[in-house]
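For the protein sequence lines, the chains are A and B, in the order given.
404 is the number of the first residue of the first sequence in the numbering used here; add one for each residue after it.
404 is the number of the first residue of the second sequence in the numbering used here; add one for each residue after it.
Worth double-checking, as some hints may not be accurate.
Stated by the list, open to error - Some chain A residues flagged as far from chain B (calculated, every beta-carbon gap over 12 Å):
id, residue
1, Ile-406
2, Arg-449
3, Arg-464
4, Ala-516
5, Gly-557
6, Pro-588
7, Asp-590
8, Phe-605
Stated by the list, open to error - List of simulated lysine to aspartate or glutamate pairs, DMTMM-like, C-alpha gap at most 20 Å:
id, chain 1, residue 1, chain 2, residue 2
9, B, Lys-598, B, Asp-571
10, A, Lys-598, B, Asp-536
11, A, Lys-547, A, Asp-493
12, A, Lys-547, A, Asp-536
13, A, Lys-519, A, Asp-536
14, B, Lys-598, B, Glu-572
15, A, Lys-598, B, Glu-540
16, A, Lys-547, A, Asp-487
17, A, Lys-519, A, Asp-478
18, B, Lys-547, B, Asp-493
19, B, Lys-598, B, Glu-573
20, B, Lys-598, A, Asp-493
21, A, Lys-519, A, Asp-493
22, B, Lys-547, B, Glu-600
23, B, Lys-519, B, Asp-478
24, B, Lys-598, A, Asp-536
25, B, Lys-598, A, Asp-545
26, A, Lys-598, B, Glu-572
These are computed hints drawn from the structure, not numbers from a lab.
By construction, the Cβ of each residue, glycine as well, lies at the ideal position given by its N, Cα and C atoms.
Protein chains: 2
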Amino acid sequence: MQIVIALFDRFTALDAVGPHQVLHHLPGAEVIFAAERTRVVTDESRTLSLRADASFADVPRPDIVVIPGGPGQADQMTPGPLQDWLLQADATSTWTTSVCTGALVLAAAGLLAGRKATTYWLAHEELRRLGADPQQERWVFDGKYVTAAGVSAGIDMALALAGRIAGDEEAQRIQLAIEYDPHPPYDSGSPATAKPEIVEGFAARSRFAARG
Amino acid sequence: MQIVIALFDRFTALDAVGPHQVLHHLPGAEVIFAAERTRVVTDESRTLSLRADASFADVPRPDIVVIPGGPGQADQMTPGPLQDWLLQADATSTWTTSVCTGALVLAAAGLLAGRKATTYWLAHEELRRLGADPQQERWVFDGKYVTAAGVSAGIDMALALAGRIAGDEEAQRIQLAIEYDPHPPYDSGSPATAKPEIVEGFAARSRFAARG
């Protein structure tokens with residue numbers, strides 16, 4: 404089972420590494436980071452670089468596609484190496500997935516037209532504009548398309564996907580392997596629970612603000 | 404504020420990337436991945452490689468030290484580049500932290516003698532043998548030493564640390580930035596909640612089993 408996580412400049416690291424940390428534990432999984440060519444790809448913070456061990460051309464038919472998000476998503480919304488590969492890979496994939504604003508890339512490729520999906524909390528209206536039906540959920544399955552909310556939601560989505568692929572018990576084993584028993588010290592992880600002034604300050608500074 | 408995350412072969416990726424994803428959002432933070440020399444360092448799964456952008460010699464006096472865990476921790480328990488740097492860096496650090504079995508490296512260096520600390524759920528007895536006082540907590544502060552439980556606990560620990568450094572509101576802002584509103588699809592993330600047969604099967608296969 405080949406799982407390809409796509410990388411692009413200014414991706415959000417946890418969007419990619421969260422699902423990797425879950426999915427590499429699946430029996431028979433071969434996880435590969437890929438980009439338009441083999442190279443080191445730097446994240447949104449410019450302080451974390453992950454190696455893409457394959458080019459998109461090397462992995463034309465993955466079983467599972469994972470598209471992370473991050474500020475660099477904005478440069479991946481039109482035909483180009485990532486979109487071209489995504490369309491090709493999606494034609495034969497078993498699951499096509501995204502984390503955070505990676506859903507906008509899927510939507511821009513036309514893969515989420517009329518489908519239920521989720522994305523980063525600030526990007527729901529943008530996702531709607533791109534033809535999807537945004538849901539206030541941590542992750543959403545619609546056919547073979549699986550989308551996660553922002554950043555850390557990729558861990559939850561990947562565990563849910565692991566359950567579909569390998570059964571609940573295997574997914575539970577993976578959850579224990581990564582001791583995923585979250586206890587955030589604050590309850591500020593969603594706009595529904597964060598202080599209004601924090602939500603508003605954030606939304607005003609967001610790259611989605613002008614259009615949101 | 405310089406934050407150095409140490410890398411070594413066969414580290415666990417989320418141990419390092421979870422805290423990075425939180426701490427790089429801190430105002431004034433400069434986060435640097437370091438190893439004994441600048442190179443690409445491959446994780447426990449052999450499918451994820453992070454670049455160490457600095458050598459340990461380049462970063463002798465970080466404000467915050469982060470030591471991840473993973474199977475490769477076993478090779479970092481005696482004097483060598485990582486332990487030598489850790490002792491030097493700890494002499495002037497404001498915070499010295501670990502995730503998962505990274506606590507065993509801190510303990511082996513003598514930094515947790517008599518201190519309350521936590522680690523991966525399977526490694527508590529090993530941590531005790533190394534002179535620390537293991538706690539069943541998601542993260543533990545004891546003086547300037549901050550230790551997290553397994554893998555995903557580094558996210559919780561880093562948010563708690565962000566709160567100490569920059570105040571609750573800043574930490575809450577970061578939590579919203581990474582939409583950290585966890586909803587695991589199962590309740591199997593700790594030995595207290597996972598099915599007993601999963602816990603036992605895991606413990607029997609663990610590298611800590613023979614000594615645990």
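### Task
Of all the hints given earlier, name the ones this structure violates by number, lowest first.
Numbers 1, 2, 5, 6, 7, 8, 9, 10, 14, 15, 17, 19, 20, 22, 23, 24 and 25, in rising order.
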